[in-house]
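Those protein sequence lines, which keep their order, are chains A, B and C. Once you know that position 92 of the first sequence is 561 in my numbering, the rest is easy, because the numbers rise by one and skip nothing. Once you know that position 52 of the second sequence is 55 in my numbering, the rest is easy, because the numbers rise by one and skip nothing. Once you know that position 145 of the third sequence is 126 in my numbering, the rest is easy, because the numbers rise by one and skip nothing.
Check each hint, because a few of them may be wrong.
To be verified - What follows is a set of in silico ranges between Cβ atoms, one per label pair, in the way DEER data are often shown:
id : chain 1 : residue 1 : chain 2 : residue 2 : range
1  : B       : Pro32     : C       : Arg48     : 36 to 46 Å
2  : C       : Val22     : A       : Phe525    : 25 to 35 Å
3  : A       : Ile541    : B       : Tyr81     : 17 to 27 Å
4  : A       : Arg494    : B       : Tyr71     : 25 to 35 Å
5  : C       : Ser119    : B       : Glu7      : 19 to 29 Å
Hint data in this document are derived by calculation from the structure and do not stem from the laboratory. Please read these numbers as outputs of a predicted model, since none were measured by experiment. Virtual Cβ for every residue (Gly too), placed ideally from N, Cα, C.
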Amino acid sequence: MNILIYAFLAIGAAFNGLGAVALIRFPDVYTRIHGATKCTTFGSIFFILAVVIYGFAHGGGEGGTLAVHALIALAALLITNPTGSHALARGAHRGGIRPFRAVVDRLAEGKR
Amino acid sequence: MIGELSFGVAAAVMVGLMVVSVLRLAIGPTAADRAVALDTINTLVVTTMVLLGVAFGQVVYIDVAIVYALLSFISTLYIARYLERGAR
Amino acid sequence: MRKAAEWAVTAAFALVVYLLLVLWTGDLGLWSPAELIAGVVLSLLVGLVAAPILWERGGFRMLQPHRWVLFLFYLVGPFFLAMARANLDVAYRVITGKIRPGIVRFNPGLKTEVGQTLLANSITLTPGTLTVDVDDESGDFYVHWINVKAEEPRPQDVCGPFPTWARRIAE
Chain A
470 MNILIYAFLA IGAAFNGLGA VALIRFPDVY TRIHGATKCT TFGSIFFILA
520 VVIYGFAHGG GEGGTLAVHA LIALAALLIT NPTGSHALAR GAHRGGIRPF
570 RAVVDRLAEG KR
Chain B
4 MIGELSFGVA AAVMVGLMVV SVLRLAIGPT AADRAVALDT INTLVVTTMV
54 LLGVAFGQVV YIDVAIVYAL LSFISTLYIA RYLERGAR
Chain C
-18 MRKAAEWAVT AAFALVVYLL LVLWTGDLGL WSPAELIAGV VLSLLVGLVA
32 APILWERGGF RMLQPHRWVL FLFYLVGPFF LAMARANLDV AYRVITGKIR
82 PGIVRFNPGL KTEVGQTLLA NSITLTPGTL TVDVDDESGD FYVHWINVKA
132 EEPRPQDVCG PFPTWARRIA E
C-alpha cells in the first residue's frame, strides 16, 4: 500500500513538472495551454488517487471523509480545468492572437 | 502514520513548480500568456491544498480547495471575457 | 407544463445529490433542519438554471442508468488511456520541439449542448488537440491541432472514437 502511494505521488509530481516545463518552453499561447492543461490535470489525478488510497488505508470516519472530499475536488478539477482553458483559447483568438507558425487557421477564415 | 511526510514533500515540490510558473507569469509577452500561467498556478494550488490537508491531517483544507477550484474557474472565465476585446 | 415538470425533476435530482453529500451532518437523525432548508432552496435554483440545458431533446434521457454506467466506463477506460497518451505526447514535443500547429474545422454531428460539452472537454484533454471554438448553430468544432496531418480532417482523424462515445452517452 505504501509503495503504491509513493509511486502515485512520484508520477503526479513528474507530470505536474512536465506541465510547468511545457509552460516555459512552448512558443505561443495555444501550445502553452496544451501543455499546461493536460499535464496538470493528469498529475492532479494521480496526486488525488494517492490521497484517496491513503484515506481508505487510514480507515475510520476521518479517512473516509478525506477520500470522499478529495474525490469531489477531483471532479471539480476535471470539469473546470478543460472548460477554463477552452475559454482562454477562445478569448485569445478573438483578441487577435494568431497561432505561431500555423499551417492552417480555419477559424480566422470565417464561418462556413 | 504511513508517510504523511511524503505528502508534505510532494506539496513542497508543487510550490517549486508554482515558482517556475510565476516565471512565465512575469515574462509572458501577451496578456493571454499571463492568464494561462495564472490558470496553471490555480490548478497547482488546488492540488497542493489537497496534499497539505493530508500532511496536516485537516479535512477542512480539502473543502477550501474545492471552493478555490470553483472560484478560480469563474475568475478564469472573466479574464477570458476580457481577453476577447483584444487588450494586449 | 413540460417546463415545470423538467424543473421539478432537475430540482428533485439535485436535492437527492445534496442530501447524500451532507449525510450524517445532523445532531439527531440524518439531517439537521438547516441542511434541509438550504438543500431545498439550492436545488430549486439549480433546477432553474440547469433544466433547459439538460433536457434539450425532450424525454429524460440523462436519467437512464445505462448512460451513467457507460459514462463511468468511458472515464476509466478509453478516456484515461487517451490522457496517458496525451501526456507522453506532450513530453515528446517538449523534448524534441517538433510542432506543426494549425486550427482545423470538423463537424462531429452532435446536436445537444451536453454532448458538445462532453466532446469538447474530451478533445482538450486528449492527444495534441485543444478546442478553441464551437459553432452553436452548425455544430462545427474549431480545434487547435499541434501536429496537423490533414487540413480537412474527418472527425475520427482528430479525436478517434470520441464523437461516437459522446453520442452514446449524451444523445
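Going through the hints against the structure:
no.	hint	verdict
1	B/Pro32 / C/Arg48: 36 to 46 Å	holds, 45 Å
2	C/Val22 / A/Phe525: 25 to 35 Å	holds, 34 Å
3	A/Ile541 / B/Tyr81: 17 to 27 Å	holds, 24 Å
4	A/Arg494 / B/Tyr71: 25 to 35 Å	holds, 27 Å
5	C/Ser119 / B/Glu7: 19 to 29 Å	violated, 53 Å
In the structure shown, a violation is registered for the earlier hint numbered 5 alone.
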